Amino acid sequence: MTAAETALLLARFQFGFTISFHFIFPSFSIGLASYLMVLEGLWLRTGKPVYLDLFRFWVKIFAVAFAMGVVSGIVMSYQFGTNWSVFSDKAGPVIGPLMAYEVLTAFFLEAGFLGVMLFGMKRVGKRLHFAATCMVALGTFISAFWILSVNSWMQTPTGFAMNAQGQFVVAGSWAAVIFNPSFPYRLVHTVIAAYLTTSLVVGACGAWHLLRDNRAQVDATQASHQAARKMFSMAMWMAALVAPVQILAGDQQGLNTLEHQPAKVLAMEGDFDPSPDGAPLILFGLPSNADGKVHYKIEIPKAGSLILKHDPNAPLQGLKDFPRDQWAPVAVVFWSFRVMVGLGLAMLGLGLWSLVARGRRKLYDWTWLHRAAIVMGPAGFVAVIAGWITTEVGRQPWTIYGLLRTSQSASPLATPAVATSLVAFVIVYFAVFGIGVWYILKLMEKGPQPHEPEMAEAPIRSAGITPAAQMGSEP
Amino acid sequence: MIVDPTLAYIWAFIIAFAVFMYVVMDGFDLGIGILFPAFGVGEERDQAMNAIAPVWDGNETWLVLGGGGLMAAFPLAFAILMPAMYPPIIAMLLGLVFRGVAFEFRWRDPRHRAFWDFAFTAGSLTAALAQGIVLGALLQGVHVTGRAYGGGWLDWLSPFSLLTGAGTVAAYALLGSCWLIFKTEGGAQAHAYRLARIAGVAAALAVMAVSVATLFIAGADYQHRWLTFPNVLFAAQVPLLVGILSVAFWWALLRKKELMPFLLTLGLYLLCFAGLGISMFPYIVPGAVKIVDAASPAASQVFMLIGTAIMVPLILSYTAWSYWVFRGKVGESAGYH
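Chains G and V are the protein sequences, given in the same order.
Counting from 1, one number per residue, gives the positions in the first sequence under the working numbering.
Counting from 1001, one number per residue, gives the positions in the second sequence under the working numbering.
This is chain G alone, in the form it adopts within the complex (with noise of 0.2 angstroms):
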């Protein structure tokens, strides 16, 4: 390998590796944000105390959780240029505004609300702190909107034309740039995840709280239990509302997929051969790129033509069709779409689980459901890390698709330079995020209170009372 193959390979590595971590938090953070909006909404209309308790405890997590996605974020925006200069010179006329009105009507937005919202309740009044809590979620959600436009124009690019430098300029309308064909899929599919993936997690916190209750035999009517029930409750009924449209929005984009990144869906499903009476369905196997065919694969005869072409005997191609240097790495695709795929399947089966114990009144009963709500917990995760991987590595080699290559997008950066960073990347995430998914779970553990404070306001004694004293960790 070459040295300037390195450097592309480890500036890869770097950007996969960021994005990933960051966008842990972002899918999130806009489901919360959403949450706590309607908590303090229901606690402004009912005025139940279990409201404004649940609201106290998912502020708090919010807060650590949306440092961690703003300070992971700044990194992603300057790495376009660090790592992806020439990426950045070509397309930064076309993708670079509209960052920029993610900055301007997101970013900020979310920024300077939250000071009010985390801090703010006993200085401006409920219903002005209200507003706050909805510019933050609203941001989250803006915030989405631009952010997915830009990584679906990079997929499906439209309304352009090249200038003399050799960069992609908007050819008429920004419309035609911004809601490009793949876009409002994504949108929908990614903010759903996001929802989905918040409800699994305080659907799992609920479940561990009534399981230790249950345990312990605590009074039902005691104001911690009721908490852990509302929050259980109103997760479920998320999970069971929104994971059956997650799929279907799921397919919907799988088939948007096939109509602009047909080699992408083909490696998604595995299929190297052309099928021209009906592609088979490989439900498992071992792809190799290099022997272009798909080992001790099992599979169903047909039915990969009926779920994409909706006819059994529809021909669909075969990735021997495109040029092999344009073939992704379809092992990772095939791979990471089948985690998807089954996690979103366990998700939907939750959410039945849950609608029959309901049915029968057994919802904060039945231990074996809560049981599984805790397994499912981090699930939206990788279920939402998974799909990013199907995909971003599914579109390889192109960073603009079938316009721009991805080695030909990289910073004429040293190996060294390269090297040290992502080093330095990789230590200092795994440090700093892990420490503060600990506080986090720890957090979740401790549970939301009867009468929970604030979030301590200035100023925070180190010896008084704070935020951090209820995690039981400081007598």
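Be aware that a few hints might be false.
[What the hints assert, rightly or not] Partial list, derived from the structure: chain V residues whose beta carbon lies under 8 angstroms from chain G: (1) A1072; (2) Y1149; (3) E1185.
Bear in mind the hints are in silico, worked out from the structure with no lab data behind them.
Bear in mind that the values here come from a model prediction, so they are computed numbers and not experimental data.
Just so it is clear, CB atoms sit at the ideal spot from N, CA and C, and this is done for glycine as well.
Fit chain V to the supplied structure of chain G, relying on the hints for placement.
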């Protein structure tokens, strides 16, 4: 699809504005991070932290606007400068990771609070130093080949860039101490006054050293820009005003003014920015790429200008509102619980 010079200059001004907003707003909270070890463990540190906790995130957003805006409005400059400054930029980003999470983590884990306080300082110091080094590396010139950076990965490192790095640390510390004078009272405030005097002297020396050293950068035309007639008539106003404001600043410190030292420091920052403008205009990569040559097509710049014209006034309004909500001394609500 054609570049419009007027638009390009408007955008150069907007980027400069975003960078200025970032430097002064994150400057005071980075400065507090730099000074953190000087504060007593316990109440004084908690007060210093609480003076910035509700606003740091918004302050840092200006950095994203500066970077994102540069990519959108001047993609060529972004593509040349980021690889040229690779190590300091990465160091800055990692520094910002540590200090950003320290705001939350120090409250979550009292047993390891000393560690997170250290991380807060180390992260703030690294970020400030790296930003100053980037400034110096920019002024000393960047090797450009075609449409890309053409130098080595350690070209940014020089005595001059280390000097600008140290100067930025001192200048942020000055801004941080002035913010604390404004936001605290009693013992913490008295301490902040003392720190402001030290940081003020250090920053003044650093600004003088950087100004003089800039004139002697090899291969650059800074002497021509600053010292030849008639340029000097205009350019000399900057150091003259710096001198006046510095005297006023010292007077305000001695008279125990609370807001005035902070405002005068802002004025000094603005003058330093004007000085940078004199040194750089009309280049965006000094000596190599002009503002108009790096600019995006007019279509991109117009599209963003519409959003900027609508959003920036709104952003400034609700940012001001947020500062207003958390107005007053952080010590005043003692015993709030």
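Holds or violated: the hint that E1185 of chain V contacts chain G, with Cβ atoms closer than 8 angstroms.
violated (11 angstroms)
Is the shortest C-beta separation between Y1149 of chain V and chain G less than 8 angstroms?
holds (6 angstroms)
Would the hint on A1072 of chain V be counted as holding, given a Cβ-Cβ threshold of 8 angstroms to chain G?
holds (3 angstroms)
Checked against the numbered hints above, the structure violates only hint 3.
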